[in-house]
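A.B. asks: Here's the letter readout for the chains.
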Amino acid sequence: MSQISPVLWQFLSKWLTHFALFPPEASKIAPQLDALYFFILLVSLVGLTIVVLLLVGFSVLYSKERHPVAEQIEGSTLLETTWTIIPLGLFLIMFVWGALIYFRVFTPPANAMNIYVVGKQWMWKAEHPGGQHDINALHIPTGQPIQVTLISQDVFHSFSIPAFRVKREAIPGRYTTVWFEATRTGTYHLFCTQYCGTGHSAMIGDVVVMTPDDYKKWLQGSTSGHSLAQDGERLFASLSCNACHNARPDARGPSLANVYGSKLTLSNGQQVTVDEAYLRQAILNPSEHVTQGYLPIMPTYQGQISEEGVIDLVEYIKHLDSDYRVQQTTNTTTLLPESEGKAAQAGGNSAAAPGKVNP
Amino acid sequence: MSATIISLPDQSTARIPKRNYLTQENGILSWLLTQDHKRIGLLYLMSITMFFFIGGALAGLIRLELLTPQSDLLAADTYNKVFTMHGIIMIFFFLVPSVPAVLGNFFLPMMIGAKDLALPKMNLASWYFYMAGGILALWAMITGGVDTGWTFTTPLSTHYVNTNVVTTGLAIFIAGFSSIFTGLNFIVTIHKMRAPGMTWFRLPLFVWSNYAAAVLMVLGTPVLATALILVVLERVVGIGIFDPTKGGDPLLFQHLFWFYSHPAVYIMILPGMGVISEVVSTFSRKRVFGYTAVAFSSVAIAVFGFFVWAHHMFIMGISSYAALVFSLLTMLVAVPSAIKIFNWAFTLYKGSITFETPMLYAFGFMGLFTIGGMTGVFLGTTGTDIHLTETYFVVAHFHFVMVGGMLMAFLAGIHFWWPKMTGRMYPEKISQLAALITYIGFNLTFFPQFILGTLGMPRRYAAYPAEFQVLNVFSTAGATVLGVGYLLPMLYLTWSIKYGKIAGDNPWQATGLEWQTQSPPLTENFAEMPVMDHEAYDYEWLERQKEKEVASVG
Chain A
1 MSQISPVLWQ FLSKWLTHFA LFPPEASKIA PQLDALYFFI LLVSLVGLTI VVLLLVGFSV
61 LYSKERHPVA EQIEGSTLLE TTWTIIPLGL FLIMFVWGAL IYFRVFTPPA NAMNIYVVGK
121 QWMWKAEHPG GQHDINALHI PTGQPIQVTL ISQDVFHSFS IPAFRVKREA IPGRYTTVWF
181 EATRTGTYHL FCTQYCGTGH SAMIGDVVVM TPDDYKKWLQ GSTSGHSLAQ DGERLFASLS
241 CNACHNARPD ARGPSLANVY GSKLTLSNGQ QVTVDEAYLR QAILNPSEHV TQGYLPIMPT
301 YQGQISEEGV IDLVEYIKHL DSDYRVQQTT NTTTLLPESE GKAAQAGGNS AAAPGKVNP
Chain B
1 MSATIISLPD QSTARIPKRN YLTQENGILS WLLTQDHKRI GLLYLMSITM FFFIGGALAG
61 LIRLELLTPQ SDLLAADTYN KVFTMHGIIM IFFFLVPSVP AVLGNFFLPM MIGAKDLALP
121 KMNLASWYFY MAGGILALWA MITGGVDTGW TFTTPLSTHY VNTNVVTTGL AIFIAGFSSI
181 FTGLNFIVTI HKMRAPGMTW FRLPLFVWSN YAAAVLMVLG TPVLATALIL VVLERVVGIG
241 IFDPTKGGDP LLFQHLFWFY SHPAVYIMIL PGMGVISEVV STFSRKRVFG YTAVAFSSVA
301 IAVFGFFVWA HHMFIMGISS YAALVFSLLT MLVAVPSAIK IFNWAFTLYK GSITFETPML
361 YAFGFMGLFT IGGMTGVFLG TTGTDIHLTE TYFVVAHFHF VMVGGMLMAF LAGIHFWWPK
421 MTGRMYPEKI SQLAALITYI GFNLTFFPQF ILGTLGMPRR YAAYPAEFQV LNVFSTAGAT
481 VLGVGYLLPM LYLTWSIKYG KIAGDNPWQA TGLEWQTQSP PLTENFAEMP VMDHEAYDYE
541 WLERQKEKEV ASVG
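Keeping their order, the protein sequence lines are chains A and B.
Using my numbering, the letters of the first sequence map in sequence onto residues 1 to 359.
Using my numbering, the letters of the second sequence map in sequence onto residues 1 to 554.
It is worth saying that the hints were derived from the structure and are not from the lab.
Take these hints with a grain of salt, some might be off.
[Said to hold, decoys possible] Derived lysine to aspartate or glutamate pairs resembling EDC-like cross-links, with alpha carbons at most 20 Å apart:
#	chain 1	residue 1	chain 2	residue 2
1	B	K192	B	E543
2	A	K263	A	D275
3	B	K350	A	E65
4	A	K125	A	D206
5	B	K350	B	E543
6	A	K28	A	D206
7	B	K350	A	E80
8	A	K120	B	D243
9	A	K120	B	D249
10	B	K350	A	E71
11	B	K546	B	E528
12	A	K64	B	E543
13	B	K429	A	E65
14	B	K546	A	E71
15	A	K120	A	D206
16	B	K350	A	E74
17	B	K115	B	D533
18	A	K120	A	D154
19	A	K64	B	E540
20	B	K246	A	E288
21	A	K120	B	D77
22	A	K64	B	E428
23	B	K18	B	E543
[To be verified] Stretch-level coverage of chain A by chain B, calculated; a stretch enters the list once three of its residues show a Cβ under 8 Å from a Cβ in chain B:
#	segment
24	50-58
25	80-92
26	122-135
We put the beta carbon where it would ideally sit given N, CA and C, even for glycine.
Can you make the complete structure from the sequences, with help from the hints?
C.D. replies: Laid out in structure tokens, this is it:
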């Protein structure tokens, strides 16, 4: 072996140990998507074989030596029809099959556990409902459908887990979702696949799939002590949201208890269903989302709350199920140091108020 | 003796005619101010060759950097600039103008029996716009570069990078005019300048495919220009059209961009398909199988090509129903390409085939384009697109179409028409070798990238996980071979301008009108106005012509 140069030797040994032709199938959708992949691959191979056979066969049979006289042929409607209809039919099968998978990947089941993921130059930050944060990583259990709600704080990113065969763009200013159910424990790649600037190729991480028991241990071991909703509650108070949204009879803003999932009529007559996207828009761009019967007096929080802060608020509002809870929040506010500049203070002291208000 | 036996003419007696478009006038100004479509074609040939080798050098840097998993040869920022410039130069300054502006410019008027393009001054202006855009783009590269990717995705390009986005955007904007001018010129010329008897269904298929591409250029390029100007305005003035905090939509840019840039794929490939029709017919001495099917499939590609742009955005939060519609339309646009491949294959049937270099490149085209087209179906299918989009699978796919398809077609065309352009033959043996080297190098470079993409390796990564290295080493090794394959034609074609064998009028015994005049042609192309009294690719007519000549001389 010593004759072989070390570089070549390293190359050969890497070939033997590190060479994969196909990614692991670690989610429920992966084998389904792969079945379609191999179907298209099969059709492609058959098609390519036919083309190559025709080219090689005719080249041999009708080379000038063998076939000095060309016979002029106009064409053939029968053949034209054949090679129009058959590819079209095959492509349509792929279209329908692909559409079924596409809808499956982007339609989460009702019992999916939601994890928020914020993309920013150049890291992924996952926020678990219990308040656990993952930086450039995602810890999940097997056997549990997980919905990932994505948003980008700056440019387009794309959240890609090849082993799960899922990918979704993280878009600035808008939530997008994707879901998956992991089937095999292990550590898999998490990539950003949309070019996002200097650190694009460093925006990678690990998806750690654990057994449900290990996952529980991880949850307990890495909790920050308060859930997203609790963080949201603090932020709600420190931004003085409860000055108006306080569920009192004379409140200037609508009560937020049970607002999530309800149907609202806006002052412009539009009917909306309140979901995460609506709540986010209503916080950042309130003048466009005034509930009927209220005045457009809410200031915009655009640029004042980070995407993580918005997520906390959304989670808090989602979990508000009674006016009493809001009033409790109101009561705790009175314990806080009073009044103006609270947002700035909270931003400067983000360890105490993990709502992460931008200074 | 049957009518279609063709014997090559005796070349020992052939002479380069004294009076031709090259000797008509002398001096640098006679080139810079020329309105002769053939000279403008040569100006384009020289400029796009220069840009091709600049873009190729950048590709070499990319492959060298990717030899190792770490970002070590180039820093991440430099790498980003290099792949951005590689894309911009290769697409806007090589692929889009390559066949139309060089071969189309040169041969389209000759093929329809015209003296020149309808608007010669506009044709010259198109070259100046092209050069102005190209030089501005190079200047932007030299003075710091740009790192948005050739797709200029907002809001990265408008708010987050600090490089020469405005300069590069304007460079492409300016170069866009050259494309529009060429397209407009082709449309007018094909409608108005056909020789007597040259009906639409006697047009060579090269003309049909360039017509389809010309329509795309004229209708698509203004949308790209609009999108780029909006990026520039957003950067300079902050109009907010792509900025969500001002109520804009960052995704809107991608709709506008792909509305041009997907048809642009067909602007690039359609003229190449035209070349393949000419070459396959000539070297199998047989008319193209299913002429009307091939002609109409070009038109169908052009029409459907405008309605598939959102297939670049299946995972970007467009409506799922929109994704369905665009996926279906994408399937429809795949069919005409399949029709063409089968028609070319059946053109060989009962032909009398020889294997000169242009034919070898045409075979390369058919094989690689089939792979490129079929892998496009993987991406047009919504389900598999989720996994494969934004990975090296996409990179491999469009390089199979653009480099394996288009560049092979361009080289086929250059070799095919070289005798007509220069009056001299290229050296056959070495060029056959170059075609083979190109083919091997190409497959070695780009086939591993399909596997890399399936494994999930993302595009535009300066550094990648170590387990992807082996395939990347293959790819880089292949790129080296490919580089040799492209340098060889550059060298021997230049050599042949002076030392090549004299070609004579019609060395391939092809039927097109461009071959029925002297090589190199007169400035006015034909000594007397040709009359088209036969179908396209009528080899029996050609044989009768020859017999007549023999009879009159004898």
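A.B. asks: Taking the hints in turn, state whether each one holds.
C.D. replies: We went through each hint and held it up to the structure:
1. B:K192 <-> B:E543: Violated, at roughly 30 Å.
2. A:K263 <-> A:D275: 10 Å, holds
3. B:K350 <-> A:E65: 12 Å, holds
4. A:K125 <-> A:D206: 12 Å, holds
5. B:K350 <-> B:E543: 18 Å, holds
6. A:K28 <-> A:D206: 19 Å, holds
7. B:K350 <-> A:E80: Judged against 20 Å, a Cα distance of about 17 Å means the pair holds.
8. A:K120 <-> B:D243: Holds. A:K120 to B:D243 sits at ~16 Å (cutoff 20 Å).
9. A:K120 <-> B:D249: Judged against 20 Å, a Cα distance of about 18 Å means the pair holds.
10. B:K350 <-> A:E71: 6 Å, holds
11. B:K546 <-> B:E528: It holds: about 18 Å lies between the C-alpha atoms, which stays within 20 Å.
12. A:K64 <-> B:E543: Holds, at about 17 Å.
13. B:K429 <-> A:E65: 19 Å, holds
14. B:K546 <-> A:E71: Measuring from Cα to Cα gives roughly 19 Å; hence the hint holds.
15. A:K120 <-> A:D206: The given pair, whose Cα atoms are some 16 Å apart, holds under the 20 Å limit.
16. B:K350 <-> A:E74: With Cα atoms ~12 Å apart, B:K350 and A:E74 stay inside 20 Å; holds.
17. B:K115 <-> B:D533: 18 Å, holds
18. A:K120 <-> A:D154: Since the Cα atoms of A:K120 and A:D154 sit roughly 6 Å apart, the hinted pair holds (cutoff 20 Å).
19. A:K64 <-> B:E540: 17 Å, holds
20. B:K246 <-> A:E288: Judged against 20 Å, a Cα distance of about 13 Å means the pair holds.
21. A:K120 <-> B:D77: Status holds; Cα separation ~17 Å.
22. A:K64 <-> B:E428: Answer holds: A:K64 to B:E428 is near 17 Å, not above 20 Å.
23. B:K18 <-> B:E543: Violated - the C-alpha atoms of B:E543 and B:K18 are around 27 Å apart, more than 20 Å.
24. 50-58: With 5 residues closer than 8 Å to chain B, the segment 50-58 of chain A meets the three-residue bar; holds.
25. 80-92: holds (count 7)
26. 122-135: violated (count 0)
Of the hints listed earlier, those the structure fails to meet are numbers 1, 23 and 26, in rising order.
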